[in-house]
Amino acid sequence: MSFLRTAAVLCLTGVLAAGCTLFAGEGEDQDKAQPTVTLVTHESWAVPKEVLDAFTNQTGIRITVRKEGDAGELTNRLVLTKDNPIGDVAYGVDSTFASRALDADVFEPYTSPEGDRGPQRYSVDPQNRLSAVDVGDVCVNIDTGWFAERGIAEPESLDDLADPRYRNLLVVENPATSSPGLAFLLRTVAEYGEQGWQDYWSRLKDNGVQVVSGWTEAYTQEFSGSSGQGPKPIVVSYASSPAAEIGDDGKPRTKALLDTCYRQVEYAGVLAGTRQPDRAGKVVDFLLSQQFQATVAENMYVYPAREGVALPSGWAQAAPLPEDPAALPGERVQANRERWIKQWRGLVEG
Amino acid sequence: MATTTRARRPAHLAGVTALAVLPIGFLAVFFAWPVVAILRLGFSDGGVGTALFEVQTWQLAAFTVGQAAASTVVALLAGMPVAFLLARARVRGVGVVRTFVLVPFVLPTVVVGLAFKALWPGGGVVTIVLANAFFNVAVVARTVGGLWAHLDRRGEDAARALGASPWRAFRSVTLPALAPALASAGAVVFLFCATSFGIVLLLGGSRYRTLETEIYLRTVNLLDLSGAAALSLVQLAAVLAALGLGGLARRRRETAARLRSRAETARRPERGEWWVVGAAFAVVAALLVPIAALLLRSLSTRDGWSLDGYRALAGRGEDATLGVTGWDAALNSLRTASDATLLAMIVGVLAAVALVALRRAPGRGARGAGEVLDAALMLPIGVSAVTVGFGYLVTLGDLPWDLRTSPLLVPLAQALVIIPLIVRMVLPVLRSVDERLRQAAATLGAGPVRVWREIDLPLAARSLAAAAAFGYVVALGEFGATSFLARPDAPTLPVAIGALVGRPGELNNQMAYAACALLMVVTALVAAVIDRLRAPQAQVGEF
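Those protein sequences? They're chains P and F, same order as listed. Once you know that position 289 of the first sequence is 289 in the UniProt record's numbering, the rest is easy, because the numbers rise by one and skip nothing. Once you know that position 204 of the second sequence is 204 in the UniProt record's numbering, the rest is easy, because the numbers rise by one and skip nothing.
Derived from the structure by calculation, the hints contain no laboratory data. Mixed in with the good hints there might be a few duds.
What the hints assert, rightly or not - Some chain F residues near chain P, calculated using beta-carbon distances under 10 Å:
id, residue
1, L223
2, L225
3, L233
Remember, predicted model here, so these are calculated numbers, not experimental data. Every residue gets a Cβ at the ideal spot worked out from N, C-alpha and C, and that includes glycine.
All chains should be built: construct the whole structure from the sequences, respecting the hints.
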């Protein structure tokens, strides 16, 4: 009796498993005729399906997407696989990691016809191996309601964050484990110089800065302006974050402090060693096209590199592009990143 | 008789070798090759030696082992009363508890980390230990409970009749008999805790780091492969030591007493035993706290209670955060877990059969080979998912078919994680099959395959099914390797949850927690099926 039941359950499991398997499910051969380009990108990649389909209709090229961690992880994976690349084109290597990818010859030169409509402003390589796709600045965000309720003036600058008035209100990400955390550290280096940034962090530490491992924790858990409604009204996030925190009255609940930003530009390029460089180039053109650029703000919370692309309504008020962000040259970041992080650890964690 | 045995020996060994080829090949291609390749890259950079002798490396190692040991102790202490409840107490609600304890085991670390963070905002070592233990109480309760339920009760009763206190009887009769299961559970929990990644990262803040988080950091962020290689070697050494200790204690099972069915050994608790039952329910209540916190978050919004998160499962999240809908992600999870389980069962059962055969084979060489294979099968739990994942990148592209871009890579990697668990569950049952039955069948003319089919398979059938179901549950919850390898058009539920909490927007957050609830429900259903299968059986599986 019980053996029968076991047999029945096993059969049922078998039937379920047969319908529930990847072995038969992938209909890859149906599109064999259609050329496919593999786009390697970071985990924040998001684009409406219609836009991708339109590209396929126009060019006959299908794009397969592979997401490979954040910008840093993506870069490192590309470097590791440069002799046998995991795709044909990559998007998402940012200005902080660009020099590592360029030094390792991960990309091959490609000058896109779309490249002079704005992306050239962020050029990092005379050989044109990388084309700028978007700009995503990291800025300090504040919960405006929190300050209004308590009648405390909103902080505005980096110096304000070390002011005792704003004691125990700031949460930042660890630069060793988080890319916005690293960008904020770089901003402080850009602002106070090689001599002064450590002193600034000592002041932040004395003023009760809280350090957490990643953006998720800082923003959704500790920050008072997000859905997590945490205890801290000041957080390191992105210039675009307030666009996601618009209340029912149409007004943003949070605000980015535009004098605290660090510019991060994200690039795309044709991977060296691809067997279809022409089609890969077409994908780069697509990433720089009006069509694609118009989607990046809404879908990935970044700003288009192309000029004349309208931002979603509400962004002008909630999340304007910072006009005067700081940035350090890629080579300088590449040469010092590890040392700065080590010094920061000694200073803040010690 | 002697001549036939000698004549059959080469054939027997050839058979065992044939059985072992697939598991060894699988481990070689999908584990050893990638890990060795990435370590070699590290060595070619130079500097492994220097990193090995840095004070920091050894501080990390000490903290890693320390927190894992503490977590293991807490998990054992919390798991023991629950094991008693599952094994010996005839009270209402035992079935529910047995199903429920598996739920924490599959929750994605990122949401559990956030829940613990919300409950103990201070964080620190204590929270890390508690969270690690939270995940692993199931392993202890089920492994130890599994043996305990089938332990002959008469030894204990005799001790009591001779005047021993219940505590004394437990200490001198029951506990030694449970030692192998305790050691086995301890080793597995230790491995899980020593390589726990998300918990340490989230709850350790920037202050506490382990070998695992540092390997991740060096590999993924800094591309410092030589530093990572040095740390991986230290991690490997620690893991091998733990496995060695576990193996030593497990060997004592050979002398285990005759086993009984739970129906015979479970009784209504009396006097002092109620305290233990109370402690067990207290542990269950403690496990419920973070889970309740997750459920509350799935229902609460800025403007009060709402089911929006659950409704959102039909969509792709705010601004299409996910490549697919929440339901599709759930289906994907089921599919991937089916493939992984199928694969792991084939490899795991073959490995277990080979291990049993090696142990039965005469000669020290065969036994030694068995011990090595046994330890090698456990290693994938103890090696960093990042090391394996980056190893895949540099090796699997050289296979005739580039597996790096295949959707099958995820089930392959999940299988690697669950094979050790399946082997640990199936092995003791196969070993406990009475050798005399097999000899009788052989004397009657049955060949080795027929003996296995007619004797071993029917006896072990339920345990095999339970192992498959348990593997299935673990594959459902697997996050480390899966998040590393899953393709964006086919995320599993835990990967989708990770992506959702990583984006701004209230709906994304709520949907993430609703997806957690869905994952818990699926898990509980599968666990309930496992337990239906196990209920009437009189055999021991660990878990």
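Hint check:
1. L223: 4 Å, holds
2. L225: 8 Å, holds
3. L233: 19 Å, violated
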